[in-house]
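Student: So the chains spell out like this:
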Amino acid sequence: MMPEFDSDIEETAQYIARLAGRVSLDPAHKTQLRGELLRRHQEHSVESSQRATGSLWSRLTGHRRLTLVAPPALGGILVAILLGLSLAPHQSAQAAEAARITDALARSAPTVTAWQVTAQQQEGNAANSVQCELRLSAQQRIYVRNGRAYMYSNGTWYALSATNWATYRGCSGEGQLQIAFALLPERLSRGAFALLPARTLHGQRVEGIRYAASAARRTVTVTLWVDRSSGLVLEATRLVTSGSHVLRRDVVDYSYTRTA
Amino acid sequence: MEDAFQSRAFIPDDTDTDDAAIAEAAKTDAHAFGDLYERYYPRVYRYVYHRLGNVTEAEDVTAVVFMKALEGLPGYRPRRTGFAPWLFRIARNAVVDHYRRVRRAEPLDGNEHYTVGDDPVADFLRGERTDELNRLVSLLSGDQRDVVLLRFAADLSYGEIAATVGKNEPAVRMLLHRALRKLRTVIDDARI
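Chains V and E, in that order, are what the protein sequence lines are. At position 139 of the first sequence (counting the first as 1) the number is 139 in this note's numbering, and the numbers step up by one without a gap. At position 51 of the second sequence (counting the first as 1) the number is 51 in this note's numbering, and the numbers step up by one without a gap.
Pulled out of the complex, with its shape left as it was, chain E reads as follows (with noise of 0.2 angstroms):
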């Protein structure tokens, strides 16, 4: 069934200072300037589908992040913070903003609540529409859940993901350790 999906495709860690010089020459040219949208499409992209868990809105959402990308870029210091950094906070409080916007606040702690009378296949079918990532990082904590997607959907450093969330990296690390033993136990559960 993994065959039906795409695979990742993982961008070497040196990237970031090309990304750079990249970034640097896009204030200006518009070719340099799709080139990062070539490389950082589908990071942002599913670091957005498995924050919001819909394609509609990730789209959306993803577009509005690069749209700011856009706007902001002439604003950019890359001796500041690297690229990547730099666009995946545009990205969280790009989320963050359509939450407020459309959902008023976020679902995320804890599980759905069936109530007896509803239609369980009806609930169940909504819910695949979500992901199964996105219900898994559902469990977590906001900063464990933000930390998980930046390094597995986004594909950031530790860090890229410190510079990213304001954290220092061995809370990042500690994060991340915390949050996988976390999915592990539910994982372990769901096995059962």
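Chain V extracted, bound-state conformation (with noise of 0.2 angstroms):
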């Protein structure tokens, strides 16, 4: 069978597809309305000048719910099976290195609240820098599950990727960089990365982590220094290059607010 689209855009189709499929019908809904205009259509045959639409919206209340990613069921479990299976010894040191990471972080995630986050940009000649703190209410805690993060809020699971935040401006501009540490695990997953020569920043043991990607001649370099204990992202740096040029520089300093 011929491919619908070219093949550079074929992989965007299937995705967007997917993204379309992701909806979830409310059963309740559907068969309520369904009565109500089987309803109606009754009355349009015995009453074929009626044309009133009547309040239904009114008729339509309740069964209300947001369509939002699962729970992590059971993620401690696939959690502990997951990493278990990539300490094998037959794995790689970068992918121990990875479980090893996403296990600290699976512990400290949940006892961040806050966290401050400074950039200094330079694009040009032009340079910025910007402070800003992220706080976490007092019923929202985010937690690291099966190797993604997600936030809790008031009874609700939100799934956090680099996707759904990317959209995001945020203070530094740049959403994805605001929320590194929640975002790491996701990356680490992805397995295309580079472990650089653990070093000390502000008294605290750190190891690198790089990643770099191309896209509409761009490419894009982010280098993550990332607390071996607590696997909190402490600094990071992005470059943007066309070549050998470049186009802009963000270095990102991040320190936590934690419970106990």
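Just so you know, the hints here were simulated from the structure itself, not pulled from any lab data.
Interface residues of chain V toward chain E, partial, derived using beta-carbon atoms under 10 angstroms: (1) F5; (2) D8; (3) T12; (4) Y15; (5) L19; (6) A20; (7) R22; (8) S24; (9) D26; (10) K30; (11) E36; (12) R39.
Straight-line Cα separation of at most 20 angstroms, EDC-like style, residue types lysine to aspartate or glutamate; simulated pairs: (13) K27(E) - E43(V); (14) K30(V) - D35(E); (15) K68(E) - E43(V); (16) K182(E) - E11(V); (17) K182(E) - E4(V); (18) K68(E) - E57(E); (19) K182(E) - D8(V); (20) K68(E) - E38(E); (21) K30(V) - D60(E); (22) K30(V) - E57(E); (23) K27(E) - E71(E); (24) K68(E) - D29(E); (25) K27(E) - E38(E); (26) K30(V) - E71(E); (27) K68(E) - E24(E); (28) K182(E) - D6(V); (29) K30(V) - E38(E); (30) K182(E) - D143(E); (31) K167(E) - D143(E); (32) K182(E) - E10(V); (33) K68(E) - D35(E); (34) K68(E) - D97(E); (35) K27(E) - E36(V); (36) K68(E) - E36(V).
Ideal Cβ placement from N, Cα and C applies to all residues, glycine included.
Dock chain to chain to rebuild the complex, using the hints, since each chain is given by itself in its own frame.
Tutor: Written as structure tokens, this is what we have:
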């Protein structure tokens, strides 16, 4: 069968098709509306002149719910299984390190109640510095389960992913950098990163994780310096280059407020 | 995570011939109308939901669409247009009417911008109430957005989309390809 799209956009088309299918229908709404429509059809048949729409909407109350990600049920068990597998002897040192950092984050992320972001940006001759704080309310926590981060907020789970955070400009203009520690497990699970030699940063032993990607003739290289004990990102640099020309450089420092 | 969502049920291409016949029967037969409703409710709901990005509004507008379809069915002429384009023209108009009534204007070109001092976490959570596809298509032009959602959320064929939006089929293909190229760039950037 011939593909519907050119090869360069076929993957995008499939991705959009998957997103389009990510809709939960509320059976109660569907049933309720069907009943209302069939009742009106009968009325139309009996009184064909009647065309009033009536107050349908007022009868369609209740059964409201948001379409959200499923809670990561049994996530703890899955994490344990996955971590166990990832630490098997045949695994590479890089994969084992990724699993170790993810494990550390799974323990430390729920203790984070706020984090401060200091971003230095340089683009061409323009330089800018921004500071902001991201705070969680008492009902909000971030958890790492099954290699992904989730925000639990007032009884509802939200997936934190590079994609759904990417469109947020945030205070530093780079949404993903603001929440780098929560996006780290997703990044590590993809495997396409390099480990850099450990060093000391602000008195903490940190190890470097570097990854790069190219799109639209640009290459973006991100380096994260991660606290070994907690898995939290302490510093991030993001370099946007075109060939050998540096288009933009972001250096971001993080500090965290945590519960005991 | 994708397991948490219902997968789409694709409807075969030849259903519209059947649908036109069923629509003719549905003018007088409530059961026939019920059959059409069962076939089209998921497609209409998906299209409306991704246009609006809000469950409550999508449910209300979906209800408007089927109510208007019921009212307009006596005037439906199968030989003039297929049932799917006829129904999705109603859906498009219902979405536009909704924007005019509730939101005044479609907030759909460009990203949301963040003001220092606001609460980014709350901002993110508000954004999560709209869906990922809604955010992506908000970066497209109105025509591109419509074609993408009619293709992928409503599962319309190119011919049906052309009949729905009042363009010819090659123009629809061009719009869709351009939209996908733009989305590919956005998605690639997000993966970086």
